Amino acid sequence: MTAATDLAIRTRGLRKVFGGKVAVRSLTLEVARGEVFGFLGPNGAGKSTSVKMLLGLVFPTSGEAQILGHPAGNVRTRAKVGFLPEHFRFYDWLTSIELLKLHGRLYGMSHATLRQRVPALLEMVGLTPHRDKQLKNFSKGMLQRIGLAQALLNEPDLIFLDEPTSGLDPVGRRLVRDIIRAERERGATILLNSHLLGEVEITCDRVAFIKEGEVVETRELHDEREKQTTVSIRAANITSEALNGLSQWSSTVRPEGERLTITISSISLLPEVVRYLVAKGADVYEVTPRRLSLEERFLEIVGTDGGL
Amino acid sequence: MGIWIMAGVTFREAARKKMLWMALIAGGAFLALFGTGLHYQAKDFVSRGMNPIMRREIAFTMLTMGLYAVNLLAVLMTILTSVDTLSGEIASGTIQAIATKPISRWQVLMGKWFGFVAMLTTYLVLMIGGVNVVTYIITGVYARNLASGFLLIWMESLVLLSVTFALATYFSTLTSGIIALGLHGLAFLGGWIEQFGAFTQTQRAVNVGVIASMLMPSESLWRRAAFEMQSPLANAIRISPFSTLSVPSPAMVFYAGIYLLLALGVATRRFTQRDL
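Note that the protein sequences, when read in sequence, are chains H and R. All residue numbers for the first sequence refer to the working numbering, where the first residue is 1 and numbers rise by one. All residue numbers for the second sequence refer to the working numbering, where the first residue is 1 and numbers rise by one.
Here chain R stands alone, though its shape is the one from the complex:
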């Protein structure tokens, strides 16, 4: 029971502190910009009499670009909104009145985690859905394997959320945020090194990228999601800037799942054993 009370208060906090609404307003502005750009391009292509296959490919590329931006926003949203909830409340002493209630500490932690999951899921449904709806209305195209693509981006968000929680049970808010963003940056850079390594057929560079993905699998989940969602042609000829010369395997997705559970385990263990 306590776990759902905590989840409820965490979700309400995001709403009441206007975090969620501000993110959605910014998201709305983003969708408007995306739609406007797409609209003019589509109009131009038709007036130039561009061949429909080419038009479709460009629409897919635009869609992937939009999803890439949403993915980036989701990464920042995940880390920035959740980083203060544990370390901040420990530092201010707010946690003391909660942790002395007849509710286990793991319930406090998991309650907060579920609260953020609810908020981030809402955000991702609206944003990923929004980009697809806008693209579909204007060009008639929407993501291939939308469901698995969504689940992969969702999982990326949950991995980052769990890592941020784990960090926040050890470090201050600022330090946790810096480490979480730094880890994602590492994964991001690793991903590009892997891509170029595959392009230039340098196995050792690919290995560096794989190791970076092991350290933080967030970015590799995005690359798998991009692979799932974009056009089969782009994947086949591998010309899109978001496509993936070296596609993370299902094993990597499985690894990311284990990684998520481990991070959550570390967070719970540390939170139940530390002084508050």
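Chain H with its partners taken away, still in its complex shape:
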């Protein structure tokens, strides 16, 4: 158990009922400072409502929540928090610069600080050419970018990103990944809400699978167990002897025609495996390692009905 002060987020039995409908059943969660934490779950699983409760936008029906050691909703704590809402909307008559200045001032930042910070952030999210353009002329992706800049203005200790890559093209997604990496290096804690498994897999240290407003399972993405690698091999002329011999590296060996799927405990074993196959006379055309997919796990946990 981590000491409470080392936790960026801590909830106990957090529950929200809208009318008669349970949005979040009972969320109990601990996120350490400096972690990049992913919230995974199907649509309607209560991810956004949970984030809103942590930010004090939505009041919980019961349970407790703390962020950065203070009760959720504490006004002063918010000075250290950044938030990109799921559908970032803002006064569309403002220009990029005006929007960031306004938000900066709401954060209590001085004009002098903002004069440096605003252009730097615009540059970072690639909106410098659009600095004087009104937001009403922005595409969805550009809005997402300015929203992201807005969430990072105050160099927050804790950043909530609710579906940050929705509306972004591959270049934009790459940008979000790079920003998350940079923020982590700065020491920020990040809570990433996403239904894009690949995205979460690349960026997060740990994920929680959410179903019907409950954490079904949390998983380290970088622990030993997770370093298991599934390798897909396309090869001809593999003898059954060669196949049997693979069991020294892999507990599961699934041949399907020319394709062979094995699971090895570390990627460093792969050259050895390939050398072995070649030595046994196999014609190897293709070797594709892939991390154990979150997707399979996700479907297993959440169910193929998508939690609907």
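To be clear, the hints were calculated from the coordinates, so they are not data collected in a lab. The model shown is predicted, which means the values in this text are computed figures rather than measured ones. Glycine residues also receive a C-beta, built at the ideal position from the N, C-alpha and C atoms. Hints are not guaranteed to be accurate.
Restricting the straight-line Cα-Cα distance to at most 20 Å, the calculated cross-link-like pairs of lysine to aspartate or glutamate (EDC-like) are [claimed, not checked]: (1) K17/R with D132/H; (2) K17/R with E98/H; (3) K80/H with D132/H.
Far from chain R by the CB rule (all over 12 Å, computed), these chain H residues [stated by the list, open to error]: (4) V22; (5) L94; (6) A112; (7) R115; (8) F138; (9) G167; (10) V215; (11) N244; (12) P255; (13) V287; (14) R297.
Add chain R to chain H, keeping to what the hints say.
Here is chain R on its own, set in the frame of chain H:
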């Protein structure tokens, strides 16, 4: 600090979205029409050799009529411009990026309120001032007790603003607008029932009017303002269509002040306690 940042952005929004300018252009057209009508009447009266006391009374009646129209425009302006600011931003989620900043919710609400107060005050100063300046230039007459008349119309606008804010923390934009206008309509009708009740000396009709004014004191503030601003003669002989056979008392003005604060209290309470 946050409260003034919000007030500033709210006022700037009214200006940037051209709301304020359009209202002022429409107001300018209104003043031009008013002035033209007044000009021809004044010219005619002089050429007909009408007695100066009569001329003065007619000028006062025209002035009151102009102020009555400004009052009506101000009522609509107040409700229509402010009705979307809370419910609209809650519905669209725009409020989320604001309400998660280190600024209390009551500051967000009061900031917006002050922003609208600034805009409506600008509007009323220009419009009430404009009607008086135009009338003074053409006829040499301007409102009696102009300051208290202005303050009463201003207060009417603030009452409606606060009620609209309170409604918008509960209902959607359209519903809030309909209820706010409906309440003012009720007060308006109540005011006329009270007038006719006083004219026909039917106490129960007067009571109905008073109750309507309790439910929404906006119109009674206008009637008090008209009483303050028009000619003493019109008030004494009570012949003007805008005069007030049954004048709302200072107690009613005090009640309206309490009503305003209560509406603002309800708005703040609800806004700080609701989910966004």
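Problem set entry | Beyond 12 Å from each Cβ of chain R, as asserted for P255/H | 52 Å, holds
Exercise. Beyond 12 Å from chain R, beta-carbon-wise, is R115/H?
Worked result: Holds: least Cβ distance 17 Å, greater than 12 Å.
Problem set entry | Claimed clearance of chain R by G167/H, with the beta carbon kept past 12 Å | Its Cβ never comes within 12 Å of chain R, the nearest being 14 Å, so this holds.
Problem set entry | Status of L94/H, Cβ more than 12 Å from any chain R Cβ | Label violated. Min Cβ-Cβ 8 Å, cutoff 12 Å.
Exercise. For V287/H, which was marked as not at the interface, is the minimum beta-carbon distance to chain R over 12 Å?
Worked result: 47 Å, holds
Exercise. Non-interface claim for N244/H: all C-beta distances to chain R beyond 12 Å?
Worked result: 59 Å, holds
Problem set entry | R297/H and chain R, when compared Cβ to Cβ, separated by more than 12 Å | Consistent with the label, R297/H stays out of reach of chain R, its closest Cβ about 31 Å off (over 12 Å).
For this session: Starting from K17/R, check that the Cα of D132/H is at most 20 Å away, please.
Result: 17 Å, holds
For this session: Run the C-beta distances from A112/H to all of chain R and say if the shortest one exceeds 12 Å.
Result: A112/H clear of chain R: closest Cβ-Cβ about 16 Å, beyond 12 Å.
Exercise. Does the structure keep K80/H and D132/H at a Cα separation of 20 Å or less?
Worked result: The given pair, whose Cα atoms are some 28 Å apart, is violated under the 20 Å limit.
Problem set entry | Given as non-interface: V22/H, partner chain R, CB spacing beyond 12 Å | It holds; V22/H is separated from chain R by about 15 Å at its closest Cβ, greater than 12 Å.
For this session: Evaluate the condition: distance from the CB of V215/H to the nearest CB of chain R exceeds 12 Å.
Result: 22 Å, holds
The structure is inconsistent with the numbered hints 3 and 5, although it conforms to all the rest.
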